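Colleague: Taken in order, these protein sequences are the chains called A, B, C and D.
At position 24 of the first sequence (counting the first as 1) the number is 64 in the working numbering, and the numbers step up by one without a gap.
At position 237 of the second sequence (counting the first as 1) the number is 276 in the working numbering, and the numbers step up by one without a gap.
At position 227 of the third sequence (counting the first as 1) the number is 252 in the working numbering, and the numbers step up by one without a gap.
At position 108 of the fourth sequence (counting the first as 1) the number is 208 in the working numbering, and the numbers step up by one without a gap.
Don't read these hints as lab results, they were simulated from the structure.
Note that the coordinates shown come from a computational prediction; the quantities given were computed from them, not determined experimentally.
Using N, Cα and C, we set each Cβ at its ideal position, and we do this for glycine too.
No false leads were slipped in.
Some chain C residues well away from chain A (every beta-carbon gap over 12 Å; in silico):
| # | residue |
| --- | --- |
| 1 | Tyr28 |
| 2 | Leu95 |
| 3 | Leu149 |
| 4 | Phe166 |
| 5 | Gly168 |
| 6 | Tyr206 |
| 7 | Thr230 |
| 8 | Phe231 |
| 9 | His310 |
If you anchor each label on the Cβ, the simulated ranges turn out as follows:
| # | chain 1 | residue 1 | chain 2 | residue 2 | range |
| --- | --- | --- | --- | --- | --- |
| 10 | D | Tyr113 | C | Ile32 | 47 to 57 Å |
| 11 | C | Gly139 | A | Leu204 | 49 to 59 Å |
| 12 | A | Leu204 | D | Leu236 | 15 to 25 Å |
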Amino acid sequence: MVQQLVANGIIAGSIYALIALGFALIYRTVKFFHFAHGVVYTVGAYLAYTFTITVGIDPLVSFFLAVILAGVMGLGIDRLVYYPLRRQKASDLIFLLASFGIFIFIQNLIQLLYGAQILTLRRGPIVEGHHVLGTIITNTQILILVTSILLSVALWLYVKHSKLGKSIRAVSDDPVAASIVGINPERVIGLSFFIGSMLAGAAGILISLETNLEPTMGFTAILKGIIAAIIGGIGSIPGAVFGGYFLGMAENLGIWKIQAGWKDAIAFGILILFLLVRPGGIMGIPTERERL
Amino acid sequence: MSTILQISNLSKSFDGIQALNRVSLDLPRGKISAVIGPNGAGKTTLFNVLTGFLTPDEGEVSLGGKIIEDMRPHKLALLGIGRTFQNVRLFAQMTVLDNLLLAMKNPKGVSLWAALARPQIMQAEEHANRARGLELLELFRLADKAGELAENLSSGQSKLVEFARLLALNTDILLLDEPMAGLYPEMIETLKKTMQALITQGKTILFVEHNINVVMDISDHIVVLNHGQKIAEGPPQEIRKDEKVIEAYLGKRQDASA
Amino acid sequence: MDYVLHIMVIASIYVILAMSLNLIVGFTGLPALGHAAFYGIGAYTSALLALNFGASPWIGLIAGAITAGLLGFVISFPALRLKGDYLALATLGAGVIVYSIAKNWVAVTRGPMGLPGIPGFTFLGYPLDGVWAYLILVLAFVGLTTFVIGRIVNSPFGRILKAIREDEIGTQAMGRDVNYYKVMVFMIGAAFAGVAGSLYAHYITFIDPSSFTLMESITILLMVVFGGLGSLRGSMVGAVILVVLPELLRFLGMPSSIAAPLRQMIYGLLLVLLMIKRPQGLMGHYRFK
Amino acid sequence: MPLLEVDNLSVRYGSIKAITDVSFHVEQGEIVAIVGPNGVGKSTALNALSGIIESNGGLITSGEVRFEGHNITGFKTHELVQQGISLVPEGRRIFPRMTVIENLEMGAFTIKDKSIVNNEIQRMLDLFPLLKDRTLQQAGTLSTGEQQMLALGRSLIIQPKLLLADEPSLGLSPNFVDMIFEKLVEINSEGTSILLVEQNARMALEACHRGYVFEMGKISFDGKKDSLVNDERVQKSYLGK
Numbered sequence: 041m042v043q044q045l046v047a048n049g050i051i052a053g054s055i056y057a058l059i060a061l062g063f064a065l066i067y068r069t070v071k072f073f074h075f076a077h078g079v080v081y082t083v084g085a086y087l088a089y090t091f092t093i094t095v096g097i098d099p100l101v102s103f104f105l106a107v108i109l110a111g112v113m114g115l116g117i118d119r120l121v122y123y124p125l126r127r128q129k130a131s132d133l134i135f136l137l138a139s140f141g142i143f144i145f146i147q148n149l150i151q152l153l154y155g156a157q158i159l160t161l162r163r164g165p166i167v168e169g170h171h172v173l174g175t176i177i178t179n180t181q182i183l184i185l186v187t188s189i190l191l192s193v194a195l196w197l198y199v200k201h202s203k204l205g206k207s208i209r210a211v212s213d214d215p216v217a218a219s220i221v222g223i224n225p226e227r228v229i230g231l232s233f234f235i236g237s238m239l240a241g242a243a244g245i246l247i248s249l250e251t252n253l254e255p256t257m258g259f260t261a262i263l264k265g266i267i268a269a270i271i272g273g274i275g276s277i278p279g280a281v282f283g284g285y286f287l288g289m290a291e292n293l294g295i296w297k298i299q300a301g302w303k304d305a306i307a308f309g310i311l312i313l314f315l316l317v318r319p320g321g322i323m324g325i326p327t328e329r330e331r332l
Numbered sequence: 040m041s042t043i044l045q046i047s048n049l050s051k052s053f054d055g056i057q058a059l060n061r062v063s064l065d066l067p068r069g070k071i072s073a074v075i076g077p078n079g080a081g082k083t084t085l086f087n088v089l090t091g092f093l094t095p096d097e098g099e100v101s102l103g104g105k106i107i108e109d110m111r112p113h114k115l116a117l118l119g120i121g122r123t124f125q126n127v128r129l130f131a132q133m134t135v136l137d138n139l140l141l142a143m144k145n146p147k148g149v150s151l152w153a154a155l156a157r158p159q160i161m162q163a164e165e166h167a168n169r170a171r172g173l174e175l176l177e178l179f180r181l182a183d184k185a186g187e188l189a190e191n192l193s194s195g196q197s198k199l200v201e202f203a204r205l206l207a208l209n210t211d212i213l214l215l216d217e218p219m220a221g222l223y224p225e226m227i228e229t230l231k232k233t234m235q236a237l238i239t240q241g242k243t244i245l246f247v248e249h250n251i252n253v254v255m256d257i258s259d260h261i262v263v264l265n266h267g268q269k270i271a272e273g274p275p276q277e278i279r280k281d282e283k284v285i286e287a288y289l290g291k292r293q294d295a296s297a
Numbered sequence: 026m027d028y029v030l031h032i033m034v035i036a037s038i039y040v041i042l043a044m045s046l047n048l049i050v051g052f053t054g055l056p057a058l059g060h061a062a063f064y065g066i067g068a069y070t071s072a073l074l075a076l077n078f079g080a081s082p083w084i085g086l087i088a089g090a091i092t093a094g095l096l097g098f099v100i101s102f103p104a105l106r107l108k109g110d111y112l113a114l115a116t117l118g119a120g121v122i123v124y125s126i127a128k129n130w131v132a133v134t135r136g137p138m139g140l141p142g143i144p145g146f147t148f149l150g151y152p153l154d155g156v157w158a159y160l161i162l163v164l165a166f167v168g169l170t171t172f173v174i175g176r177i178v179n180s181p182f183g184r185i186l187k188a189i190r191e192d193e194i195g196t197q198a199m200g201r202d203v204n205y206y207k208v209m210v211f212m213i214g215a216a217f218a219g220v221a222g223s224l225y226a227h228y229i230t231f232i233d234p235s236s237f238t239l240m241e242s243i244t245i246l247l248m249v250v251f252g253g254l255g256s257l258r259g260s261m262v263g264a265v266i267l268v269v270l271p272e273l274l275r276f277l278g279m280p281s282s283i284a285a286p287l288r289q290m291i292y293g294l295l296l297v298l299l300m301i302k303r304p305q306g307l308m309g310h311y312r313f314k
Numbered sequence: 101m102p103l104l105e106v107d108n109l110s111v112r113y114g115s116i117k118a119i120t121d122v123s124f125h126v127e128q129g130e131i132v133a134i135v136g137p138n139g140v141g142k143s144t145a146l147n148a149l150s151g152i153i154e155s156n157g158g159l160i161t162s163g164e165v166r167f168e169g170h171n172i173t174g175f176k177t178h179e180l181v182q183q184g185i186s187l188v189p190e191g192r193r194i195f196p197r198m199t200v201i202e203n204l205e206m207g208a209f210t211i212k213d214k215s216i217v218n219n220e221i222q223r224m225l226d227l228f229p230l231l232k233d234r235t236l237q238q239a240g241t242l243s244t245g246e247q248q249m250l251a252l253g254r255s256l257i258i259q260p261k262l263l264l265a266d267e268p269s270l271g272l273s274p275n276f277v278d279m280i281f282e283k284l285v286e287i288n289s290e291g292t293s294i295l296l297v298e299q300n301a302r303m304a305l306e307a308c309h310r311g312y313v314f315e316m317g318k319i320s321f322d323g324k325k326d327s328l329v330n331d332e333r334v335q336k337s338y339l340g341k
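The whole structure should be built from the sequences, with the hints applied where relevant.
Modeller: So, in structure tokens, the structure goes:
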């Protein structure tokens, strides 16, 4: 029982980590809560469904396409909505509300186009999983875990070592200083939206291999992603991964003795606790002190 | 000369910088004192600690001989230490008169109960406060701006309204953070006269200012900070000749070291 | 005709919700995203008292206001430490927790099955079972809310709230204890939302957790933002328009599988456009800082 | 033709006039110092020509800035690097969570050729030996003086034609102040023109070829090094008459 909960926690954590990663990457450069990140995740899943099931393209090719398009969509949201707000020097709350608006709009657009019914990407019979250390793990779950870890490591390496990745860190540290050395902060913001949104799209596709697609799937996902990012220390990449797994485990072990319906309450309880006690998160970058 | 505010061994560091380093000073009652020093000397930090917006790492402040225990900003304001801010903090989307009314004591009218059930009592008090607010604005010839939103004022007018608001708060000690910055020469003269008039009414002023001519002109006492430490203290004519002060401002004299 | 009156009752309940949220968000500048929690707790308190103890809806309404107010007291604590996005997220989280309780504490709330058969209001022994009668009752509470919140925001007390919205540090420098006002505002706003919840429960006679979701909180917030932060009249107009507008879709003969998402799409688009073009809303002057 | 010409520049922050009708220029090969007490608009002048005031909410209301004869008024900060203008900003603004090496790499962001970048980084480490043992340290953990060295190195890595330095001695201990000024003179002797904004008037005037003295948003007087170093008006502008 406990082993199975741990295993479930790790799988859930893999997905949370991916969403939190993209969210954190974007947060680093723009410093507001891109809530609509959740709907990019949904779109990723529905695009993959459309390409594989409706159009009938090879799954691997269609997943690849869906991920790229999710990235383009994130970039589009930034240019269309956030860029004008940045020009107006709007407050964080205005960004957040606008982000809610985008989320609601696209989620319901999906509902209109695909209907509210549950769709599935899975084909063929359900294969029984492998028995590992007293738990049952399916091939899909192994795929989720491995992909999540690979993408996390790839992103970490990219940001740590590539020139463009470093420019993301530079803008994150100090956008003005970045422009002093000749970096165009707007381009870096665009880059972070593109990469971050691809990660969200990938997470959406992975989860829809495991469970079903619903238009509202992005909602809980982004909330969990934000919580994971905050637990890990908002903006930190290893922190986001850690936060994702921590949250996945906490939720699943939390329901050991109580019903599964309390997962969300547990997640938000942890969030509020963190916000009040340790707002910087575990690997947090200290937020700049408010100056008088 | 009696001391109204006694500051002893105040230290504060943040972001790895020692912004205040064991600063002690006695603020003489009923005088104008100035804090000067180059950029980053710790002047504004000193103000922020004295008004409770920053908690000191060590040291204490006593008012009228008694150590202040509760250093929360609103408590200090009620105890009689009022301030203005370097970047003028008016309530931008409220009228000029409302800005002043916010500072005034209204023991009867500010409660929720008064708002709901006793509007007439509230109104009477409100009436008196309004009259007093207009009077204060008139001091700076700004009474005609009473109904204007604060965000529509020029920078000079904002400064004066913030000063008038501090007078409405009616504290014994006034801490002014760069009161002259952004003012026209005529306005500077008005403000200087007002500061001197306040002293004759028994108020005590401590101010930070970059306009050195004003500082030298109206201060009874000058404290010089550099790198968070007090490097000199005394009347204007002494401060101006103090080699340590000159060095803090202009740098080391090259020929002297050679 | 009854349909029109029904829409008016619903719109009036949203007017109360929007005005009470406006007190917190628009007048005091605290971004609260969990208003549906107060609304829900008022509804559940009132309904459970009536169903389990046969309490009069009037008692339930008062009890609902009190429990919601107490929840407001609890939720105000994050507001003392957090600002901006973080406060929004914490209140949103509190809303989700309350929703989870309604959904999972089956022994008391019957969970997703909801509470059917909630009795209606009576007045001096006469049941208010016609829509007309109920509309008058709800409008009376709209009047009460307008009176109380109107008095508050137009008093010296309200002036301090607006000062907090403008600049907390400046307000403290004026000798005002900002924390006290924040707690009070959350309690009052929550209490009125509780009243709205009670009115809703006894009107519809059935409640379940789906009426008190985060989406509901966002809808109420949209009404406030759309009408104008810091404008009570704006909240009235905002609530009425956003309740009536989607109903028009139904008149165009759209099936609800299209009308429902279309309505949400309109809300979403409106929110985005407002933020870009007119963040102060229809009748407001205040802009989020 | 002067390297940099600033004509009648006026800047406003909201309704506050920060500088009014300020004109100055820098000739090829010069160190030009702008001195004066706090809050008189020295940094504003520099930030206006580097495009930084826009992100601080400032606005150029009139005037023109020319570099090598081209009008560069209102250029974005990141576009100036392409012109060969490099800024050492006030408060250093190194990237605190990146290592010393990474800071230097970012300074070379506009250089495409990797081998050139590596050579230039090496050159900077030779110029500022203090940074050599700390290449992998997070820049935020350096001392203020070391951070200033790093900021200087980060700006010099592209071999700018003009270096703009804003209060490089601010908050530094005396031996670091000396070191910074020595480096500036050294850099200049290798051909980089420098515009230096400094509160530390004695050091700055000693190091420069020409200087301008700011008072209350305007230039009150200017002159060659020798005339300014002994001018009593300088001290008066700081400590009153």
